[in-house]
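Q: Quick note, the sequences are listed as chains A and B, same order.
Okay, so the first sequence: first residue is 37 according to our numbering, each after it adds one.
Okay, so the second sequence: first residue is 37 according to our numbering, each after it adds one.
Hint data in this document are derived by calculation from the structure and do not stem from the laboratory.
Nothing here was measured: the structure is a model prediction, and the numbers come from that model.
Don't take each hint at face value.
Since the list gives no way to pick one copy over another, a pair counts as held whenever it fits inside one copy or between any two copies.
Unchecked claim - SDA-like, lysine to any residue: derived pairs with alpha carbons at most 20 Å apart:
{"id": "1", "residue 1": "Lys185", "residue 2": "Ser143"}
{"id": "2", "residue 1": "Lys41", "residue 2": "Glu174"}
{"id": "3", "residue 1": "Lys86", "residue 2": "Ser50"}
{"id": "4", "residue 1": "Lys52", "residue 2": "Ser143"}
{"id": "5", "residue 1": "Lys46", "residue 2": "Lys185"}
{"id": "6", "residue 1": "Lys189", "residue 2": "Trp209"}
Number of protein chains: 2
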Amino acid sequence: MNEEKLLSTKHIYSGKILKFDLDTVALPNGRTTELEILRHPGASAVVPLKDDGTVILIRQLRHAVGGFIYEIPAGKLDPQEDPRDCAARELEEEVGYRAGHLELLTSIWTAPGFTDEVIHIFQGTNLEVGKQNLDQDEVLEIVEWPIEKAISKIQDGTIRDAKTIIGLQMVFWQKKFTDDQ
Amino acid sequence: MNEEKLLSTKHIYSGKILKFDLDTVALPNGRTTELEILRHPGASAVVPLKDDGTVILIRQLRHAVGGFIYEIPAGKLDPQEDPRDCAARELEEEVGYRAGHLELLTSIWTAPGFTDEVIHIFQGTNLEVGKQNLDQDEVLEIVEWPIEKAISKIQDGTIRDAKTIIGLQMVFWQKKFTDDQ
């Protein structure tokens, strides 16, 4: 199949972080369609894993979903920022730890039907205490659980955030595979 | 911690599917902030699993991320639609299969920093051939892989869609656990 062709873009809104566009696109099947696109700068996230198998999560107020939810530390990329630097920065700012080692697990599309947001998910190990420094509109508490407990909280529906589920599952099975060797 | 309080909503845009609002919110920490929110009707997705361990994926053109990506069949909820009915409908429309059994694996928030989108992810088994019926702006091909191959495509970064990674991981480990019994 051939690729699509962008015919025009109508800018609907430019906010502090997000831009909302209405794109007119020629599809490979010959049709022309209008698509609503939210443009996002991208983000990094970290699964902070202590030597004893504890993971550090946050319970954060998320207005969009109407309450507090469990997440791994994460934040948006600054312009031109390297995703690894962003992961290190957000880890220390949100939960007050520095990671001696950051390993990229994967980079995900959160909702490719309507946004270009990508989240780079890292595993952070060799943790040492740093300095928490929250943004003024961040409302959160820190939760430390054995990773097996975090996985059970995915199974029972307590943890529902996409990047958090993917990061925890990848770290858990990687750790299990290593422990079993 | 207490909850937040919505002070006002400014409607920026109402499209065919998405609504974009600018909400002013009083946070539990006493601050007032403006938050950009994309309101979404929600969606259902299905991991179609054949008796022989093959999963059925689609390779779909996604304008927002600039090309073709691998996904499980999925689609938006119609108004008041039951997520299970939506899953069954999208499975048949997109890949031409009906599932004798649909089991809810989990319901995820795709990007809770800026949208209320929830995706209900099902496992579909006891598959039988139905009738594919694509929307006119859907451009996709069907791919059938052993689930082990699909998992390896997560590891190597070929599969990057959040709902697809979560669904495949959950089905794979559930199947592995059952097979090992």
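Q: For each hint, tell me whether it holds in the structure or not.
A: So, going through the hints one by one against the coordinates:
1. Lys185 <-> Ser143: Between copies only: 19 Å across, 24 Å inside.
2. Lys41 <-> Glu174: Between copies only: 15 Å across, 40 Å inside.
3. Lys86 <-> Ser50: Neither: 40 Å inside a chain and 45 Å across chains, both beyond 20 Å.
4. Lys52 <-> Ser143: neither (24 Å within a copy, 29 Å between copies)
5. Lys46 <-> Lys185: neither (47 Å within a copy, 40 Å between copies)
6. Lys189 <-> Trp209: Both, since 16 Å and 16 Å are each at most 20 Å.
Against the hints set out earlier in the document, violations occur for numbers 3, 4 and 5.
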